[in-house]
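Engineer: Read in order, the letters of the sequence shown are residues 671 to 1003 in this note's numbering.
Among the hints, erroneous ones may be present.
[Claimed, not checked] No more than 30 Å apart at the CA atoms, straight line, and that leaves these computed lysine-lysine pairs for DSBU-like:
#1 Lys-879 to Lys-920
#2 Lys-915 to Lys-984
#3 Lys-965 to Lys-802
#4 Lys-783 to Lys-951
#5 Lys-951 to Lys-788
#6 Lys-937 to Lys-708
#7 Lys-951 to Lys-992
#8 Lys-783 to Lys-802
#9 Lys-786 to Lys-965
#10 Lys-951 to Lys-802
#11 Lys-951 to Lys-965
#12 Lys-729 to Lys-788
#13 Lys-708 to Lys-965
#14 Lys-786 to Lys-708
#15 Lys-951 to Lys-915
#16 Lys-937 to Lys-965
#17 Lys-729 to Lys-969
#18 Lys-786 to Lys-729
#19 Lys-745 to Lys-802
#20 Lys-937 to Lys-984
#21 Lys-984 to Lys-861
#22 Lys-802 to Lys-969
#23 Lys-920 to Lys-992
#24 Lys-786 to Lys-969
#25 Lys-788 to Lys-965
#26 Lys-708 to Lys-802
#27 Lys-786 to Lys-735
#28 Lys-802 to Lys-729
#29 Lys-969 to Lys-788
#30 Lys-729 to Lys-745
#31 Lys-951 to Lys-786
#32 Lys-879 to Lys-984
#33 Lys-745 to Lys-786
#34 Lys-788 to Lys-745
#35 Lys-861 to Lys-920
#36 Lys-951 to Lys-735
#37 Lys-969 to Lys-951
[What the hints assert, rightly or not] Derived Cβ-Cβ restraints for the label pairs, each shown as a range:
#38 Ala-871 to Thr-913: 13 to 23 Å
#39 Asn-878 to Glu-787: 32 to 42 Å
#40 Thr-831 to Asp-862: 18 to 28 Å
Since the hints were derived computationally from the structure, they do not count as laboratory data.
Each residue gets a CB set at the ideal place from its N, CA and C atoms; glycine is no exception.
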Amino acid sequence: MARRLAIGVLTLCLATTTACTKTKSGSDDAGDKSGPVKIGLVTKTDTNPYFVKLRESAKAAAEAKGATVIAVAGKFDGDNEGQVAAIENLVQQGVKGILITPSNSTGILGALKQAKEKGILVIALDTETDPKDAVDATYATNNTTAGELEGKYVKATLGQTAPRLLMMDGSPGGTVDEQRHRGFLQGMGLKDGDPAILGAAPTNGDQNKAQSAMENLLQRDSSVNAVYTLNEPAARGAVAALTAKGLAGKVAVGSIDGGCQGVADVKAGKYLATVMQFPRKMAEQGIDAVVAFSKDGTKPNGFQDTGAQLITDKPLPGLDSKDTTWGAQNCWG
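Working from the sequences, and respecting the hints, build out all of it.
Structural biologist: Following this line, the structure appears as structure tokens:
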């Protein structure tokens, strides 16, 4: 009877191979070729025009390659817990790759590690993780360079006048925030703690928070002649506070982003210059990498600089810049 049972099982195996193979799970499900490649996109927020453009570009690039994007975001810039939950959810949905702009460059590491252990390709866009090799690759602006371009321009604008600086920083724990801050000071020839820095405040890259922060700093010292801003929403908030204080046009304000509204702000003279980023390029290169990985397992690696360009209508010697006409033709948002 045992011999007859064994023969019966063997016959069943020959008739249907699925009855005698192990069920694949985890990352293997994500690599199923029967449907479109699923790619997760986790941004810091879903309202900032920069991340809106990143999401739109990613979806368009994925559609062109027959893939699909599942886009999620934190509730606010700095929402690490929201991003962790989003990653866990994307893993459960069987994505082949995750593109992420980390709100907290260290707080997200555990979730990214778990995704990679499932065989999911993980790529950082816009913002590096700390350490950098927590992801397979990064496609981003060199944010230290972007900050340095802003700092050099503001310094050149001041000429021989000693700077009296206020700094509109981003979110604590973010590599973008730290790199731009450090790059700006390098461009200015300053270091943290220098007496030329009258004050600094976190703004989370938010216009309203930046306006409130600038108002508070101006109450303590209104002798400012230079302002660093992390991004263009922070610049608009800072300029609103300066205007209310009667300081508009008297303070050298620079920024970083290169959104269409930011370019228009520069053209209108609200701030002197901005440094343009290229989120479309980041998104397209990230999508291309995941699609290639899904086909043959090819993994990108290292940091890929997607470029930065100073935009101003008041060019200064020694600094490569483009005017706002060029900016309007190449902006995002």
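Engineer: Taking the hints in turn, state whether each one holds.
Structural biologist: Evaluated hints:
1. Among the hinted pairs, Lys-879 with Lys-920 is consistent with the structure: their alpha-carbon atoms are about 22 Å apart, no more than 30 Å.
2. Taken as a hint, the Lys-915 and Lys-984 pair is honoured in the structure, with Cα atoms around 24 Å apart against an allowance of 30 Å.
3. For the suggested pair Lys-965 and Lys-802, the alpha carbons sit about 25 Å apart, so the restraint of at most 30 Å is met.
4. Among the hinted pairs, Lys-783 with Lys-951 is consistent with the structure: their alpha-carbon atoms are about 26 Å apart, no more than 30 Å.
5. Distance restraint check for Lys-951 and Lys-788: the Cα-Cα separation of roughly 27 Å lies within the 30 Å cut-off, and the hinted pair is therefore satisfied.
6. Proposed proximity of Lys-937 and Lys-708 is contradicted: the alpha carbons are some 41 Å apart, above 30 Å.
7. Distance restraint check for Lys-951 and Lys-992: the Cα-Cα separation of roughly 19 Å lies within the 30 Å cut-off, and the hinted pair is therefore satisfied.
8. With a C-alpha separation of about 13 Å, the suggested pair Lys-783 and Lys-802 falls inside the 30 Å cut-off, and the hint holds.
9. Simply put, Lys-786 and Lys-965 have alpha-carbon atoms about 17 Å apart, close enough for the 30 Å limit, and the pair holds.
10. Of the supplied pair hints, the one linking Lys-951 and Lys-802 holds, its CA atoms being roughly 20 Å apart against a limit of 30 Å.
11. For the suggested pair Lys-951 and Lys-965, the alpha carbons sit about 21 Å apart, so the restraint of at most 30 Å is met.
12. In summary, the hint linking Lys-729 to Lys-788 is supported, as the alpha carbons are separated by about 24 Å, within the 30 Å threshold.
13. Proximity of Lys-708 to Lys-965 is assessed by CA-CA distance (about 13 Å); at most 30 Å being required, the pair is judged to hold.
14. Between Lys-786 and Lys-708 the alpha-carbon distance is near 15 Å, which keeps this suggested pair within the 30 Å criterion.
15. For the hint pairing Lys-951 with Lys-915, the CA-to-CA distance comes to about 39 Å; that exceeds 30 Å, so the pair is violated.
16. Annotation: proposed proximity of Lys-937 to Lys-965 is violated, straight-line Cα distance about 45 Å (limit 30 Å).
17. In summary, the hint linking Lys-729 to Lys-969 is supported, as the alpha carbons are separated by about 21 Å, within the 30 Å threshold.
18. As the CA atoms of Lys-786 and Lys-729 are separated by approximately 22 Å, the hinted pair is consistent with the 30 Å bound.
19. Taken as a hint, the Lys-745 and Lys-802 pair is honoured in the structure, with Cα atoms around 24 Å apart against an allowance of 30 Å.
20. Taken as a hint, the Lys-937 and Lys-984 pair is honoured in the structure, with Cα atoms around 10 Å apart against an allowance of 30 Å.
21. Between Lys-984 and Lys-861 the alpha-carbon distance is near 27 Å, which keeps this suggested pair within the 30 Å criterion.
22. Of the pairs offered as hints, the one joining Lys-802 and Lys-969 holds, with about 15 Å between alpha carbons and a cut-off of 30 Å not exceeded.
23. With a CA separation close to 23 Å, the supplied pair Lys-920 and Lys-992 stays within the 30 Å bound.
24. Under the criterion of a C-alpha separation no larger than 30 Å, the hint pairing Lys-786 with Lys-969 is consistent with the structure, at around 12 Å.
25. For the hint pairing Lys-788 with Lys-965, the CA-to-CA distance comes to about 17 Å; that is within 30 Å, so the pair holds.
26. Only pairs whose Cα atoms come within 30 Å are accepted, and Lys-708 paired with Lys-802 is accepted, the gap being roughly 24 Å.
27. For the given pair, Lys-786 sits about 23 Å from Lys-735 by alpha-carbon distance, which is consistent with the 30 Å threshold.
28. Between Lys-802 and Lys-729 the CA atoms are separated by roughly 25 Å; this keeps the pair inside 30 Å, and the hint holds.
29. This hinted pair checks out: Lys-969 and Lys-788 have alpha carbons roughly 15 Å apart, not beyond 30 Å.
30. At most 30 Å may separate the alpha-carbon atoms for a hinted pair to count; Lys-729 and Lys-745 meet this at roughly 20 Å.
31. Restraint check for Lys-951 and Lys-786: satisfied, since their Cα atoms lie roughly 24 Å apart, inside the 30 Å limit.
32. A hinted pair counts as satisfied when its Cα atoms are at most 30 Å apart, and Lys-879 with Lys-984 qualifies at roughly 28 Å.
33. Annotation: proposed proximity of Lys-745 to Lys-786 holds, straight-line Cα distance about 24 Å (limit 30 Å).
34. Restraint check for Lys-788 and Lys-745: the C-alpha separation of about 26 Å stays at or below 30 Å, so the hint holds.
35. About 24 Å separates the Cα atoms of Lys-861 and Lys-920, which keeps this hinted pair within 30 Å; it holds.
36. As the CA atoms of Lys-951 and Lys-735 are separated by approximately 15 Å, the hinted pair is consistent with the 30 Å bound.
37. Pair hint Lys-969 plus Lys-951 holds up; C-alpha atoms about 18 Å apart against a cutoff of 30 Å.
38. Our hint of 13 to 23 Å for Ala-871 and Thr-913 holds, since their Cβ atoms are close to 18 Å apart.
39. Checked against the hint of 32 to 42 Å, the pair Asn-878 and Glu-787 passes, with Cβ atoms roughly 40 Å apart.
40. Range check, Thr-831 to Asp-862: Cβ separation about 21 Å, and the 18 to 28 Å hint holds.
The structure fails to meet hints 6, 15, 16 from the earlier list, while all remaining hints are met.
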